[in-house]
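K.L.:
This is what each chain is made of:
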Amino acid sequence: MDYNKEDVRHAGALLAEDSELINRVCDFAEKSDASAIQVLRFSSGLPASLGSLLIAAAAHDRVNFMDAHRIITTEMQCAALRQGTRISYLNAVQDAYDVLEEHGVITSERVRDFGDTVIPGIAKDLSVSLPAKKQDDIIDFYEARARFKAKSQEA
Amino acid sequence: MVDISWLRKKITPSGKVVTEKIKMDLTEALEEAEKILVSEKQGPVFTKEREIVEKLLKKIDDISVKKAQWALAMARLLEELKKHEELTIKLTDKFTEFEKAFNEELAVKSSAKGAMTAQQAAQMGELEETRKETFAIFATVFSKVRALRDEFMDFKKKAGKVLVEITDQRNAAEELVSTLDKTWSVYQGLVHRLNKTEKALNKAVADAEEKFAELKKRAA
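Protein sequence lines, in the order shown, are assigned to chains A and B. The numbering of the first sequence is this note's numbering, which starts it at 1 and goes up by one. The numbering of the second sequence is this note's numbering, which starts it at 1 and goes up by one.
What the hints contain is simulated information worked out from the structure, not anything from laboratory work. Do not rely on the hints blindly, as some may be mistaken.
Unchecked claim - With a Cα cut of at most 20 Å, we get these calculated EDC-like pairs of lysine to aspartate or glutamate: (1) B:Lys100 <-> A:Asp113; (2) B:Lys157 <-> A:Glu30; (3) B:Lys109 <-> A:Glu101; (4) B:Lys90 <-> A:Asp116; (5) B:Lys144 <-> B:Glu85; (6) B:Lys144 <-> A:Asp33; (7) B:Lys58 <-> B:Asp168; (8) B:Lys144 <-> B:Asp93; (9) A:Lys124 <-> B:Asp150; (10) A:Lys124 <-> B:Asp93; (11) B:Lys144 <-> A:Asp125; (12) A:Lys124 <-> B:Asp154; (13) B:Lys100 <-> A:Asp116; (14) B:Lys109 <-> B:Glu128; (15) A:Lys124 <-> B:Glu86; (16) B:Lys156 <-> A:Asp33; (17) A:Lys31 <-> B:Glu151; (18) B:Lys132 <-> B:Glu97.
With the hints as constraints, model all of the structure from the sequences given.
P.N.:
See below:
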């Protein structure tokens with residue numbers, strides 16, 4: 001899929017004028033489910049291609065470049081299907097990366113920031129030990145129940 | 001017709017046992033004594049209290065089932081978290097590899113500046129290949145980890161709501177247990193009073209029988 005400089009500039013202008021549009025694009029980029037159906041559904045009715053909008057949003061740091069990449073990868077696969085051709089996932093991954101690089105989205109600062117903030121953030125979210133305290137509460141409850149039962153049987 | 005006078009034990013509505021002196025026909029007195037014994041001994045006692053206790057126990061058991069479900073969900077979550085942890089480590093490793101390849105490529109590009117030598121071009125091509133490969137793996141792992149993270153965060157949100165609900169139920173359960181304790185004390189008190197009443201009735205029957213035997217002896 002071709003995302004030329006003109007498309008991306010046009011998408012950037014649209015995003016600058018329409019705050020609702022940029023919110024929609026940002027919300028979508030943050031969703032993990034970038035399946036083909038979701039991408040196609042979201043793309044319909046957009047004033048510019050989803051890829052162009054994501055490149056423009058990533059260039060202004062409104063969306064993370066890896067989120068933009070993930071969705072552009074799927075969009076490339078969707079576009080290939082629409083044209084009756086196929087593109088492998090790995091090729092789509094590389095093509096999406098090349099597009100982002102071509103538009104100057106992938107920079108060493110963004111890559112560094114990704115490694116310093118995004119990955120540790122995800123790791124933190126995933127290793128939250130939610131159950132520890134709650135499990136204690138559950139055990140306390142069962143112990144209280146057992147004590148009560150024993151007391152009732154004694155009586 | 002033989003009239004007898006005898007002392008009858010009676011329970012007041014407040015549960016107090018009082019003795020009264022009555023005079024009545026012997027047959028009638030015996031019939032009444034028998035009636036009292038049969039009805040008091042065989043009739044259902046503490047039906048209401050039993051119902052309350054059963055209802056309370058049922059409620060507590062229902063809550064216990066929910067607690068068990070919660071504990072099970074937590075155990076499953078812990079298992080899932082282990083998988084997430086492994087994948088997150090992989091994500092970090094793959095990103096480090098990608099970052100390294102990316103930086104090396106940038107360094108070569110920047111040192112080449114103008115025209116590249118054949119050696120630099122070959123080196124660039126090699127670095128590009130490395131960067132492509134590491135990025136492809138990293139992007140796949142990142143995609144999976146993001147999906148897992150969102151799924152997990154969604155679960156946490158739902159679990160938080162369930163937790164609040166369970167805490168409410170736990171408080172309700174504690175209240176029920178306290179009510180149950182009180183009901184149990186009342187029940188014990190009633191059993192004690194029933195025993196006392198039974199003894200009093202037995203004594204009344206024994207008195208009547210003795211009186212009856214005495215009258216029969218006198219009649220003979």
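K.L.:
Hints first: check each against the structure and report whether it holds.
P.N.:
Hint check:
The straight-line distance between the Cα atoms of lysine 100 of chain B and aspartate 113 of chain A is roughly 14 Å, inside the 20 Å bound, and the hint therefore holds. Straight-line distance between C-alpha atoms of lysine 157 of chain B and glutamate 30 of chain A comes to about 17 Å, which keeps the hinted pair within the 20 Å bound. Between lysine 109 of chain B and glutamate 101 of chain A the CA atoms are separated by roughly 14 Å; this keeps the pair inside 20 Å, and the hint holds. Proximity of lysine 90 of chain B to aspartate 116 of chain A is assessed by CA-CA distance (about 16 Å); at most 20 Å being required, the pair is judged to hold.
Pair hint lysine 144 of chain B plus glutamate 85 of chain B holds up; C-alpha atoms about 12 Å apart against a cutoff of 20 Å. About 10 Å separates the Cα atoms of lysine 144 of chain B and aspartate 33 of chain A, which keeps this hinted pair within 20 Å; it holds. At most 20 Å may separate the alpha-carbon atoms for a hinted pair to count; lysine 58 of chain B and aspartate 168 of chain B meet this at roughly 17 Å. A threshold of 20 Å between alpha carbons decides the hint, and for lysine 144 of chain B with aspartate 93 of chain B the separation of about 15 Å falls inside it, so the pair holds.
Under the criterion of a C-alpha separation no larger than 20 Å, the hint pairing lysine 124 of chain A with aspartate 150 of chain B is consistent with the structure, at around 13 Å. Among the hinted pairs, lysine 124 of chain A with aspartate 93 of chain B is consistent with the structure: their alpha-carbon atoms are about 16 Å apart, no more than 20 Å. Proximity of lysine 144 of chain B to aspartate 125 of chain A is assessed by CA-CA distance (about 14 Å); at most 20 Å being required, the pair is judged to hold. With a CA separation close to 15 Å, the supplied pair lysine 124 of chain A and aspartate 154 of chain B stays within the 20 Å bound.
Between lysine 100 of chain B and aspartate 116 of chain A the alpha-carbon distance is near 14 Å, which keeps this suggested pair within the 20 Å criterion. Straight-line distance between C-alpha atoms of lysine 109 of chain B and glutamate 128 of chain B comes to about 11 Å, which keeps the hinted pair within the 20 Å bound. Under the criterion of a C-alpha separation no larger than 20 Å, the hint pairing lysine 124 of chain A with glutamate 86 of chain B is consistent with the structure, at around 13 Å. With a C-alpha separation of about 18 Å, the suggested pair lysine 156 of chain B and aspartate 33 of chain A falls inside the 20 Å cut-off, and the hint holds.
For the given pair, lysine 31 of chain A sits about 10 Å from glutamate 151 of chain B by alpha-carbon distance, which is consistent with the 20 Å threshold. This hinted pair checks out: lysine 132 of chain B and glutamate 97 of chain B have alpha carbons roughly 11 Å apart, not beyond 20 Å.
Against the hints set out earlier in the document, no violation occurs for any number.
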